[in-house]
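If you want the building blocks of each chain, they are given just below.
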Amino acid sequence: MSIKKFFRRFSFDSLASSLISLLLSFVIGGLLIWAIGTNPFQAYYLIGVGAVGTMKNLANTLASSIPLIFAGLAVAVSSKAGLLNLGVEGQLYMGAMAATLCGLYLPATNRFILLIAIMIASMLGGMLWALIPGVLKAKFGTHEVIVAIMLNYVAELFTTYLIIVPFREHGSTVNQTAEIPKAARLSKLFPRTQLTTAFILAVIVAIIVWFLLRRTTLGFKISAVGGNRDAARAGGINPTAYVIIAMLISGAIASFAGTTEVVGKYFRFRENFSPGFGFTGLAVAVLARNNPFGVIATSILFGGLSTGCLYMSRITGISGHMSNVIQSIIILLVSAPRLFEIIKGSRKRT
Amino acid sequence: MEYAIEMRGITKRFGAVTANDNIDFLVKPQEIHCLLGENGSGKTTLMNILFGIYTMDEGQIKVNGQPVHIRSPRDASRLGIGMVHQHFMLFNQNTVLENIILGDERVPFFLDYEKSRKEVQSLLDRYEFHIDLDEKICNLSVGMKQRVEILKVLYRGAEIIIFDEPTSVLTPQESDILLGMIQNLREQGKTVVFISHKLGETMTIGDSMTVLRKGAAVANVLREETSVHDLARHMVGKEVETSLEREEVEPGECVFELADVPIWEHRKSCNLRVHEYEILGIAGVDGNGQMELEESIIGLRDHRQGHQYLLGEEITHEPTLLRKLKGMAHIPSDRHKYGILPNETLCRNYLLGNQEREEFKSHGLIRTQRLDRFSEEMIEKYNVYTSGIEQTSGSLSGGNQQKLVLSRELSQSPKFILAAQPTVGLDIGAIEFVHRTLLQKREEGCAILLISADLSEVMALSDRIAVMYEGEIVAVGDSSEFTRDELGLMMAGHLGGAS
Chain A
1 MSIKKFFRRF SFDSLASSLI SLLLSFVIGG LLIWAIGTNP FQAYYLIGVG
51 AVGTMKNLAN TLASSIPLIF AGLAVAVSSK AGLLNLGVEG QLYMGAMAAT
101 LCGLYLPATN RFILLIAIMI ASMLGGMLWA LIPGVLKAKF GTHEVIVAIM
151 LNYVAELFTT YLIIVPFREH GSTVNQTAEI PKAARLSKLF PRTQLTTAFI
201 LAVIVAIIVW FLLRRTTLGF KISAVGGNRD AARAGGINPT AYVIIAMLIS
251 GAIASFAGTT EVVGKYFRFR ENFSPGFGFT GLAVAVLARN NPFGVIATSI
301 LFGGLSTGCL YMSRITGISG HMSNVIQSII ILLVSAPRLF EIIKGSRKRT
Chain B
351 MEYAIEMRGI TKRFGAVTAN DNIDFLVKPQ EIHCLLGENG SGKTTLMNIL
401 FGIYTMDEGQ IKVNGQPVHI RSPRDASRLG IGMVHQHFML FNQNTVLENI
451 ILGDERVPFF LDYEKSRKEV QSLLDRYEFH IDLDEKICNL SVGMKQRVEI
501 LKVLYRGAEI IIFDEPTSVL TPQESDILLG MIQNLREQGK TVVFISHKLG
551 ETMTIGDSMT VLRKGAAVAN VLREETSVHD LARHMVGKEV ETSLEREEVE
601 PGECVFELAD VPIWEHRKSC NLRVHEYEIL GIAGVDGNGQ MELEESIIGL
651 RDHRQGHQYL LGEEITHEPT LLRKLKGMAH IPSDRHKYGI LPNETLCRNY
701 LLGNQEREEF KSHGLIRTQR LDRFSEEMIE KYNVYTSGIE QTSGSLSGGN
751 QQKLVLSREL SQSPKFILAA QPTVGLDIGA IEFVHRTLLQ KREEGCAILL
801 ISADLSEVMA LSDRIAVMYE GEIVAVGDSS EFTRDELGLM MAGHLGGAS
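Taken in order, these protein sequences are the chains called A and B. Take the first sequence: its position 243, counted from the start at 1, is 243 in our numbering, and no numbers get skipped. Basically our numbering = 1-based index in the second sequence + 350.
No lab work stands behind these hints, which were simulated from the structure alone. Quick reminder that beta carbons are idealized off the backbone N, C-alpha and C, glycines included. Incorrect hints may have been included.
What the hints assert, rightly or not - Stretches of chain B that chain A covers, calculated by requiring three or more beta carbons in the stretch to come under 8 Å of a beta carbon on chain A:
{"no.": "1", "segment": "569-576"}
{"no.": "2", "segment": "713-721"}
{"no.": "3", "segment": "827-838"}
Claimed, not checked - Below are the BS3-like pairs computed for lysine-lysine, each with C-alpha atoms no more than 30 Å apart in a straight line:
{"no.": "4", "chain 1": "B", "residue 1": "Lys618", "chain 2": "B", "residue 2": "Lys711"}
{"no.": "5", "chain 1": "A", "residue 1": "Lys139", "chain 2": "B", "residue 2": "Lys765"}
{"no.": "6", "chain 1": "A", "residue 1": "Lys188", "chain 2": "A", "residue 2": "Lys265"}
{"no.": "7", "chain 1": "B", "residue 1": "Lys687", "chain 2": "A", "residue 2": "Lys139"}
{"no.": "8", "chain 1": "B", "residue 1": "Lys564", "chain 2": "B", "residue 2": "Lys676"}
{"no.": "9", "chain 1": "A", "residue 1": "Lys139", "chain 2": "B", "residue 2": "Lys548"}
{"no.": "10", "chain 1": "A", "residue 1": "Lys265", "chain 2": "A", "residue 2": "Lys56"}
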């Protein structure tokens, strides 16, 4: 049975297809580990222990999945409208900066009010940054991917400027803001881990996204525009408006990927704190086929891989970056079935 | 006698559709042979087989008496067959000369401009083409670009040249020049195949004609033996017996009016009135403005001039949504483009266009239970063959997709129905169902505008008929006023009917 036939049989069932891609990635990753000279079974055992072996490890796995869930949801919402929001990275920086400034300078001491204000500031920051590619796309047909990627650099460098010049912590040798007050920090779900209430927020947002897309007319109109723009127009839906709305929602969710790191982990805005969450979010959304609950599952998987590999690297000689390798293989194998579908499609046409 | 092209028993199927059915196509050397037929009659398929783009299922081809297997355009080119495509395949930023010689370098990867220029220049002199070889393509008119395409074919040494509806992109003056050039090519010894659905130009330049209808060759005649009249009848076919029963009802009030709307720019504006208890059929060969008319009526095109009225209210600048809420139903000609959301479930397809109706919406939420119940009712009533309301519409067959669209559009008791090409791609059973449904809506008092390229359909269903040609309504009248031949002639641009 050829690989192509193999995938064709499963392409109709997206869950099976994703699971098989995963399994294959682990096999290929295992071969690589074996080639380095380590027993792959032992390595995977250690990754497993590191990811979910103890309550503390599990808590850290969940913690590292938080920004990925938000980023993945942001990409998923935009994909539903037929857009590819590759600007999540920039949106999360802008959102996090707005949230940090709100935490530092808002003279409120009530914890509840302060956190709500921070969330609102964060969403506004993210939405502002998503609005630009959204409007340009809707009004002029400018490709949102190009605009969003360029805006990522602008956001990253602009926030860096802000923490070097106007908002730098007094007397600090590194580029960062001062710490936000205790009242503005999220509480921990599990002591001496990085798991905070942000995880609950992530799950709630996923449920909201699911509800929005499945049960509301707004969500219906967004997915109609993404599914078939012309049919949406003929059905009385204005694509321009819903493209922009979808980008705004996407930007608001994206901002939480940065803000929860600030208010839950670092308590300040640090230079380049995101290791590319926005792009991992894209991979998460693709693997989850834009299903919000799939996004949670995939993010936990990716989070577990990185905490597990870190643990493995302390015991074996393998670098913790093995997680990136396995992640990359997963991404390659997930996009492969889509590739086969495209090839299949072009065969049909001729 | 030896033919330049001898195609015998050509059959080509696409799935269940037979695009070419046992066609014989014979072209004598040094003649202009016209291939006539309506859109979808199989002309392009046949030529694509000859040019090696499609492979045939059955049949054989001989070129200059030799049996050949043509597997790619390159094979065709080697046999001296060249094609001037309807859509130009030119590099806009390169010069005329570069476009002619690129892809046919005598030495791979190297261009010998001097030598090539001399060769092209001698072609220009021989065929009396006047064109500047150093001009960039983007600065040329459409007619000039077409000349470059012809030169490309000549430069590659073609002896048999296929023109695919070459005049469809030209102005009348440019067309005349082109026809002159084609005649000149024949005098210089070339064989020409001329694909067209315009009867007039066919009679002007053709030495002989092959007429295709619904995938079969129905006539092969010399020009001397035929007339525009005959060709039109071959093209549209004989009257088909219809089993449809129509009740006689008197038309009522005017429901929809289109007043002075220019469907094509710089053409005469169109005027149409559709009444209660009436089907107004728009006859015309595809691509004569039907799509624009359709988009204009449902509000996807904003015209600066003209007015539209629905039930006496002006809707000229109203968006699609309001038109639908006011009682306009739309059965789109291109259901894949305008009718369905292929990746969504049937329920959500039933919601499309109804998303703002109170019936299915409350406080921004979809009333899922009502929607499910409604979808199930519609599937039952219209007999949509499906595994359930959670199936995606993209996985339905064409006929069932059309039933989905029909049931959705007709469910909200519309006053005016725009039915565009409602039976394209459907099997006979589904076609009859659609026809009966439309007639039933007529008896219930709906005003129906039927746009169809199928003349039999228009004649069978309509109370009145309007003929569309090149973006204009060229004739309107009771359907009893026209004979089939007259309609066929007017559809092909011959006004005044049979002479």
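We went through each hint and held it up to the structure:
no. : hint                : result
1   : 569-576             : violated (count 0)
2   : 713-721             : holds (count 4)
3   : 827-838             : violated (count 0)
4   : B:Lys618 / B:Lys711 : violated, 43 Å
5   : A:Lys139 / B:Lys765 : violated, 34 Å
6   : A:Lys188 / A:Lys265 : holds, 10 Å
7   : B:Lys687 / A:Lys139 : holds, 21 Å
8   : B:Lys564 / B:Lys676 : violated, 39 Å
9   : A:Lys139 / B:Lys548 : violated, 40 Å
10  : A:Lys265 / A:Lys56  : holds, 16 Å
In the structure shown, a violation is registered for the earlier hints numbered 1, 3, 4, 5, 8 and 9, in ascending order.
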